[in-house]
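Visitor: So you can see what is in the structure, the chains are spelled out below.
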Amino acid sequence: MTAAAPLVALVGNPNAGKSSLFNALTGARQKIANYPGVTVERKSGRTTFADGRPVELIDLPGSYSLTPASPDEAVTRDVVLGRQDGERRPDALIIVVDAGNLANHLCFALELIAHGLPTVIALNMVDMARRDGLEIDAARLAADLGVSVVETVAVRRRGLADVMAALDVAILAGARPATAAPTTDRALHDRARALATAATLSEKPVERWTATLDRIVLHPVGGFLILLALLFVMFQAVYAWSEAPIGWIEASVSAAQQAVSAALPDGFWRGLIVEGVLAGVGGVIVFLPQILILFLFILLLEATGYMTRAAFLMDGLMARVGLSGRGFIPLLSSFACAIPGIMATRAIPDAKDRLTTILIAPLMTCSARLPVYTVIIGAFIPDRTVAGTPVGLQGLVLLGLYLSGIIGALLVALLLRRTVTRGSAAGIMMELPRYQAPRVGDILLGLWQRAWAFLRRAGTIIMATTVVLWLLLSYPKVPIGSAQSQTDYSVAGRIASGLEVVIRPIGFNRDIALALIPAMAAREVAVAALATANAVDANGDEAAMAKTLGDTLAGKWSLATALAFLAWFVFAPQCISTIAVVRRETNSWRWPLFMVGYLFALAYAAAGLTYWVAVGLGLG
Amino acid sequence: MTVSLATLPLGQRARIARIDWPSLSPDEGRRLRELGLMEDVEVEALHRGSLFSRDPLAVKIGRMQVVIRGRHAAAIMVDVLAQDAVAA
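Going down the list, the protein sequences come from chains A and B. 55 is the number of the first residue of the first sequence in my numbering; add one for each residue after it. 5 is the number of the first residue of the second sequence in my numbering; add one for each residue after it.
Don't read these hints as lab results, they were simulated from the structure. Each hint can be trusted.
Simulated crosslink set (SDA-like; lysine to any residue; CA at most 20 Å straight-line): (1) B:K64 x A:Y360; (2) B:K64 x A:R185; (3) B:K64 x A:M182; (4) B:K64 x A:I270.
Keep in mind the model is a prediction, meaning the values are calculated, not measured.
Same shape as in the complex, but just chain A:
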């Protein structure tokens, strides 16, 4: 016995429910880090045996075999074989297999068992298998494999104690002699199938739900329309459902501003709190409802198994531009934030396919751009429905912006795959998991994590930049009687004047020049910056203070400028965190710099084109 807590690795095929089991066993006691040298996440957590002795669990990336096809799978192999830097060899394995897909999942299990580590098999999702008419004899399987087999339903926390008990026994019994696994894939599969057949007590050949649903959802025309309709509902909901909560947040921020104004004498602190902190941070927090609605949809689509169907539907289209449907999931996640999206590209086996997907991920409209879009759309696009239909014009413009990003991304991918990331044709080989009812708890936990991350950003980066910006905007004070506004006279105003020369040709004004600099830190700061600048200019003028940011902008900007600003943000300079994550994922500065360069050029061109066309149409 070692003094340290035994290290136990969870391994298994993708879609075996491995992460659910890990979550169920460790609860909130999880730690997420990175393996040294690679960008694969190391998820570890603690649990205990029945008598309270601690166990350290690690959740290894899902894999089909010990021969890796992606960086993720290489880590799984190296940890199991004890070759991974920064990780001792596990003392035992919990192999998670899907009871409903035994023949296939046993292949990897056989490979793992042959290595002789103390092993417990978690026969997971037995409830779904049973629903599909499948009865598995766990005792028979255990006898045939020579290791314990425990039935579990991880998402309902069933069988957890049994797994821990079996694990305790297996570790005490110590290592088994390494055995010879069948050496060819063929022999391995035959053996797995024979074992599965022997352990299957009864089987009805139907998986009605999934088959029926797939006939509708994957229909060549109907399925595509369903996908489009889902995306449409998602973007309409972002507007429709958020109206009331946004109103509450705005009212609270404005009440707080009035309370502070009443409590503090006019001066530095009152200005800092009312115009800097409250106007800036309040201007960003207002978007929390919309971000949560967007994430709610993404989390639901993932949890139900629909995401892989979307990948199937999109694969044909993505193949045209040299990508694969595998890239659809990272790209769709990028609608929430490019950072998790770029990290999700690790599952793409082909290196060139992956690099291209990383480079276009920032073109997907991330949730941080939503605040910018919402303010500008709210100010310049009339809130009415389109010609007698219940379709809102504002929602439609928002959808248009998202589509512009997507189309831009596809064109860029096409170009890149013919030039800098030329390579073998990407493919798609993946499993379509069964449909599952999402677990409310998991969805709520996911939403909470997103909300917390956003609020923390609002409280740190965004607050710091808005305060700095307020200082730069408020000093030096404009002399009384001067014709210049406070913004124009300030330090920030003078910096913006320099930048303005460059962006004047594409219709941008000084407000925008001011907003673009801090927006590099986090895109939503653009809104906060506009809000702070307006609050500073409105200083003392009660009527101006009462106007919302949208109203103020509508009075100051031409429609052509507003449209150009939107076009800029479709392609725009990504935030610094995104650049950092691309640097980490591609392991060089070359690709992030390339990405920043092409995005800047594209944004400038798109904004310019939009502006000139709009002016040509008489909207200047």
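Go by the hints and put chain B onto chain A.
Guide: This is chain B only, laid out in the frame that chain A set:
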């Protein structure tokens, strides 16, 4: 009757007769085997492509559904099974 999996009608069950391994990269071949696609296995073409393309192809194999590209399917030759010969 032997046809390529790429041209197998949807809903038709078939048994894989042979796979042209050399036309696939070693990684692709291994991935196919890991997903259970190998000689002598029964498959059924379930869904093919969407509005814009005939790619990819969803194949039922055992209790699993697997998605591959038409290019991979073209390397897989299958014997069409008579419907009544399929075990219920």
